[in-house]
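Protein sequences appear in the order of chains A and B.
Using the working numbering, the letters of the first sequence map in sequence onto residues 72 to 415.
Using the working numbering, the letters of the second sequence map in sequence onto residues 34 to 106.
I should point out that these hints are in silico values taken from the structure, not numbers from a laboratory.
Be aware that one or more of the hints could be misleading.
Stated by the list, open to error - Derived DEER-like restraints, expressed as beta-carbon distance ranges:
| id | chain 1 | residue 1 | chain 2 | residue 2 | range |
| --- | --- | --- | --- | --- | --- |
| 1 | A | Glu342 | B | Gly62 | 28 to 34 angstroms |
| 2 | B | Glu39 | A | Gly382 | 39 to 45 angstroms |
| 3 | A | Ala401 | B | Ser46 | 41 to 47 angstroms |
| 4 | A | Gly358 | B | Ser46 | 21 to 27 angstroms |
| 5 | A | Ala289 | B | Ala106 | 36 to 42 angstroms |
| 6 | B | Glu51 | A | Lys275 | 44 to 50 angstroms |
| 7 | B | Glu51 | A | Ala368 | 41 to 47 angstroms |
What the hints assert, rightly or not - Covered by chain B, per the in silico footprint, the following chain A stretches (three or more residues, Cβ under 8 angstroms):
| id | region |
| --- | --- |
| 8 | 256-265 |
| 9 | 325-331 |
From a predicted model like this one, the values you see are computed outputs, not experimental measurements.
Each residue gets a CB set at the ideal place from its N, CA and C atoms; glycine is no exception.
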Amino acid sequence: MPDAKPVRVPQETVNDERVRLVRWRVEEGAPVEPGAVLAEIETSKSVLEVTAGEGGFLRRAASEGDWVPVGGVFCYLTVHADDPVPAAEAGAKTEGPAFSRKARALLEKEGVDPAAFSGMGMVREEDVRRHLASASAKGVRREPLSARKRSENAALSGGGANALRSLAALRCSEEAYRRAVERAPAFEATPSGLILFEAARTLKEFPLFNAYYADGDAAYYDGVNVGFVVDGDRGLRVPVIHGADSKTEDETAREIQDLLLAYHEDELNVERLSGGTFTITDLSGEGVTRFDPLINAAQSAILGVAAPEGGSFELCLAFDHRLHEGRSAAAFLHVLKSRITARA
Amino acid sequence: MKSLKEIVAGLASVPVEEIDAFFALDRPGLDSSLKRAVLIASIRKNLGKHCMEAGRAKTFSELEDAVAKAPPA
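Chain A extracted, bound-state conformation (with noise of 0.2 angstroms):
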């Protein structure tokens, strides 16, 4: 059958031992110039199009999803429509997924069963990657976190994804605190208010604790700002008080409480959550003695109010190294204390 002339499947990439036989774009016995597109067969890299390199009528020797290994005969062309083409060539095509040169050579180095790609394709070697790195992960669970907790983790992840994160604490006084607060009637259903409130006025005292790292340089807030971590029902929040420094304890105090409700009622809006220059986080409830909370974004301290052990408890004070030392964070943190001991 000298007439019949095999075409076969091109050799695109090295890393193939097959490729797949998307689409015939020739019918069956159909006549084909030099140049015609006869198919589409997908490599481990793309979609190609195979073409005639003479003219002829088209045999074909696979069907569309065939494997074919490179090399292989996929078709024939014929000098008439009817011309008898050699069957054993048309036997080619194979079963089973095709493997990537180097996805073979990772299968055979890490021991990995073929049959486990059954029903695949072309397979590579990120398919053998990801196979290994799922068979490694038995046991384990994963499920898509919320949406909160990806705009918190976000929100986080800003401002300490650079920081050189330090932290200093200082013990203050159970007592010292409960009288303070027992002078401060306005804080009675919310204790920590006081702290914001002292803390309001300890940042105008520390103007470069309201303020963030930016390109070498130090960006002051105008405003005073203070947000307070709120983790109920509703999920993690941190409502802001702008303005916190000119506020009287009673304005303070009531903003606290319409923020919680808001909370409450998950009204927090926008404008509500948003603008923070400086952040306090009560885990005190928690019965949590010593914690390092995390900087949020475009800050550069935080400060954690501890649960009392041994009749004190710490204010831990986490800071941007970049803007801030020890020392000063000592300085704040005794100012913040004075202030608050001093209503004792």
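Put chain B on the given structure of chain A with help from the hints.
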């Protein structure tokens, strides 16, 4: 605007019908500082009263008395 009973029922997550004079406000779930602050703010928002004593009331009856005596917000 919510009534005092509706405010407390909402915070306690119970039907309004369960709120009577003896309804305890120091029960788990209502005794946190967050809930007390929310109670004070909710009274101010719905009833127009600034009632800091609300945070100290142990029963609904005590709360009603405190709100009655509280000044306007």
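Check: Looking back at the hints listed earlier, which ones does the structure fail to meet?
Finding: none
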